[in-house]
Structure formats: C-alpha cells, structure tokens
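K.L.:
Using the sequences and the hints, build the whole thing.
Given next are the chains, with one letter for each unit.
Number of protein chains: 2
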Amino acid sequence: MKFPAALDELTEYLKQLPGVGRRGAERMALAILEWDSGQLRDFGTALASLPETVGTCPQCGAVAAKGQLCDICSDPKRDVSQLCVVETMSQLFAVEKGNYFRGRYLVLGGRISPLDGEDGSNLRIDLLRERAALPETREVILALSSDVEGRATAAFLAELLAGLPVKLSRPALGLPAGANLSYADGATIAAAFSNRMDMK
Amino acid sequence: MKFPAALDELTEYLKQLPGVGRRGAERMALAILEWDSGQLRDFGTALASLPETVGTCPQCGAVAAKGQLCDICSDPKRDVSQLCVVETMSQLFAVEKGNYFRGRYLVLGGRISPLDGEDGSNLRIDLLRERAALPETREVILALSSDVEGRATAAFLAELLAGLPVKLSRPALGLPAGANLSYADGATIAAAFSNRMDMK
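If you read the sequences in order, they're chains A and B. The numbering of the first sequence is numbering that gives the first Met the number 0, which starts it at 0 and goes up by one. The numbering of the second sequence is numbering that gives the first Met the number 0, which starts it at 0 and goes up by one.
I should point out that these hints are in silico values taken from the structure, not numbers from a laboratory. A few of these clues could be false.
[To be verified] Sample of chain A residues at the chain B side, in silico, Cβ under 7 Å:
no.: 1; residue: P3
no.: 2; residue: A5
no.: 3; residue: E8
no.: 4; residue: L16
no.: 5; residue: L29
no.: 6; residue: A30
no.: 7; residue: G37
no.: 8; residue: P50
no.: 9; residue: A64
no.: 10; residue: L68
no.: 11; residue: M88
no.: 12; residue: A93
no.: 13; residue: V94
no.: 14; residue: L133
[Unchecked claim] Below, a list of computed lysine to aspartate or glutamate pairs in the DMTMM-like style, where the Cα atoms sit at most 25 Å apart:
no.: 15; chain 1: B; residue 1: K96; chain 2: B; residue 2: E86
no.: 16; chain 1: B; residue 1: K14; chain 2: A; residue 2: D7
no.: 17; chain 1: A; residue 1: K1; chain 2: B; residue 2: E86
no.: 18; chain 1: B; residue 1: K65; chain 2: A; residue 2: E11
no.: 19; chain 1: A; residue 1: K65; chain 2: A; residue 2: D78
For glycine and all other residues, C-beta sits at the position ideal for the given N, C-alpha and C.
P.N.:
Shown next as structure tokens:
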C-alpha cells in the first residue's frame with residue numbers, strides 16, 4: 000500500500016521537522032487527513048505567509064513580527080546595560096526560562112564552524128560590535144555552547160570586543176541543579192571543583 | 000519573550016499533530032522559520048489542497064487519490080476472496096507490514112464506542128455489508144483491536160454478517176514474536192496457553 004502522491008509530498012515536508020522520522024511523519028499525515036478543510040487552509044496559510052509575517056528584530060536578531068522590534072527589545076523594563084550573546088532562538092528561550100537574566104540579547108544566528116563552512120560571515124557579528132559599543136552597554140555575557148565550536152566562537156568574540164570598555168563574562172561551569180556527582184562527566188566535575196564556592 | 004502572533008498560530012497547529020507537545024511544537028516552529036519561502040509555500044499548498052487531492056477509496060475507505068480506487072483495490076494481484084476489516088489506516092499499514100495478508104481491506108473509520116458518542120453511524124458498516132455480500136468474498140477477517148471497544152465492535156459485526164455465506168475469522172491471540180514470557184501480561188499468557196500449538 001503506497002500513499003497517494005499528495006500525501007507522500009506532505010509526509011516529505013513533515014519529515015523535515017526536528018525530531019520527526021519517517022514513521023512519525025506518516026502518522027502525522029494520516030492524522031492531518033482527518034482535519035477539516037478550513038483548518039487545513041488556515042494551517043497552510045500560516046505556513047506560506049510566514050516570510051511576510053515573521054522576521055527578525057533589527058536590534059538583536061530574535062524572532063519578531065515583520066519589521067518590528069522583538070518583545071524584549073521593545074520592553075522598557077529590560078536592563079539595557081547587559082547584553083547576552085546566544086547562538087540561536089532556542090538558547091534565548093532557555094535563558095529566559097531561567098528567569099534570572101533581565102538584560103537584552105543578541106542572537107548570533109549560529110557559531111563559527113569552519114568544518115560546516117560557517118566562517119562567521121552569516122552571523123550577526125557586526126550587529127554585536129555595534130551593540131557592544133553603545134555607551135549604555137556595560138557587560139556582554141557570552142552565553143554560547145560550551146562545546147568546541149561554541150568556545151572557539153566565544154574566544155573569537157572576546158578578542159573582537161577586547162578594545163571596548165565593556166565587561167566580558169560567560170555563564171559559570173559546574174554541576175547542574177539537582178545533579179548527582181555519580182553521573183556527572185569528568186570535565187563538569189573538574190570545572191565544578193576548580194570553581195568551587197565558599198560556604199558561608 | 001513571547002512568540003510573534005503569527006508564529007504562535009503556527010505553533011498551535013503543530014501542537015495538534017500526534018505526539019507533539021508545546022515544547023516540540025515551539026521547536027518545530029523555530030525550525031520552520033529557517034525554511035526558504037518557496038518551501039513554505041509548497042508545504043502550505045500541500046496542506047491546503049489536501050481535501051481536493053486526497054480522498055477515500057470508494058471500495059474500501061482507505062486513503063486514495065481523490066476520486067480513485069486505492070492502491071490495493073486497484074491491484075489485480077490481490078486476492079478478492081479475503082476481506083480484512085480494520086479500524087484505521089494505521090492498522091491497515093500495520094497488517095501490510097506483516098507481509099502475509101494478500102487480500103483486500105475494509106477500513107471502518109473507527110469503532111463503536113458509546114462512551115465517546117460513536118454509535119456506528121459514522122463507520123463504513125453498510126459498505127462492509129455490501130462487500131461481504133459479494134459472491135467473490137469467501138472470508139471476512141475482523142482484525143479490530145483486542146480492547147473492550149474493539150472486541151464489542153467485532154462481536155457486533157460478526158452478528159451482522161452471520162447470515163451471509165462467508166467465513167468469519169480474527170487474528171490469533173498469543174505471545175508476540177520474540178517475546179519473553181516474563182514480561183507478557185496475564186491475558187496474553189492465558190490466550191497463548193489456551194490456543195497452544197502442537198509441535199510437530
């Protein structure tokens with residue numbers, strides 16, 4: 000039994016979503032078949048009109064309604080003196096989930112990774128330099144991934160911003176909250192011990 | 000940080016897909032943002048045009064190109080004497096995966112479940128009666144779920160077809176292939192023992 004061509008096409012698109020394999024895409028396609036035509040049309044329109052409705056914030060590169068500042072850059076209560084540099088929108092959401100950081104962001108759009116052909120020209124490095132040079136910016140937190148490319152990108156950015164009168168920092172390395180030492184990897188344990196905190 | 004309204008709307012649709020929660024839908028929406036506009040338009044069109052391109056086979060209720068017989072009903076090599084009744088398309092695919100059954104299908108479209116308000120009026124029961132009454136149909140295999148509603152529906156259908164000169168059967172109950180007795184539930188073990196097979 001083969002899917003009709005139109006359903007096959009739909010399955011191909013669904014398969015490109017993160018975390019969706021062939022089986023999952025087929026299951027989704029069969030479920031979508033049960034939707035009524037109004038719902039399908041609206042879903043289809045929501046997808047097709049995305050390039051016209053959603054863009055990136057000109058100040059930070061986060062998702063925003065087309066041509067507008069994002070939710071955070073347009074919030075006067077956010078602290079303009081702190082700028083947190085992340086690679087992707089998902090990292091931005093992760094930091095927001097921490098509910099601690101109240102400054103603003105700069106979404107780089109990836110990291111420098113010569114092996115994947117990313118030399119940095121597609122990243123928002125110029126925008127970062129511009130934002131970091133603003134007189135209100137006091138601290139730049141480089142919250143990039145702590146893997147090889149992330150650390151290399153952070154080192155590159157640190158050098159780039161070294162001449163500016165801003166403080167550079169990065170999130171602490173250590174044991175995750177609620178972690179059991181038995182299951183932590185060696186690099187994490189080494190970082191947690193070398194950065195150990197005084198108990199007062 | 001809130002999603003722009005258009006992205007929120009997209010997330011709502013993605014959340015309705017089987018196996019997708021809020022987090023997964025947000026992750027998918029962010030990934031979809033990276034697609035180029037041509038791809039988004041084609042995906043959108045594939046969805047919106049589904050009601051015009053995909054329908055159900057008039058002979059069996061399986062998915063098929065609009066107005067056409069499905070792949071199986073139009074295959075002259077399938078055995079017309081056997082009719083396998085399943086609840087859903089996914090069950091049909093599951094039976095096909097077994098690579099054993101070479102007859103044709105009847106996709107009921109659900110099962111009788113008074114608690115969920117399904118009294119059978121939305122199911123293809125008339126079509127089943129019609130197909131079962133055809134002179135070429137020799138055997139009807141009721142391959143419904145073996146839970147309460149599935150068994151009740153199978154019993155109802157068996158009664159409905161009792162007057163017709165067709166053999167009625169259902170798939171065997173027993174241990175799944177490769178199963179370990181230690182992990183089988185009591186009902187499965189009881190079925191496997193009461194239907195035990197002679198070793199020749």
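K.L.:
Which numbered conditions among the earlier hints are violated in the structure presented, ordered from lowest to highest?
P.N.:
7, 10, 12, 13, 14
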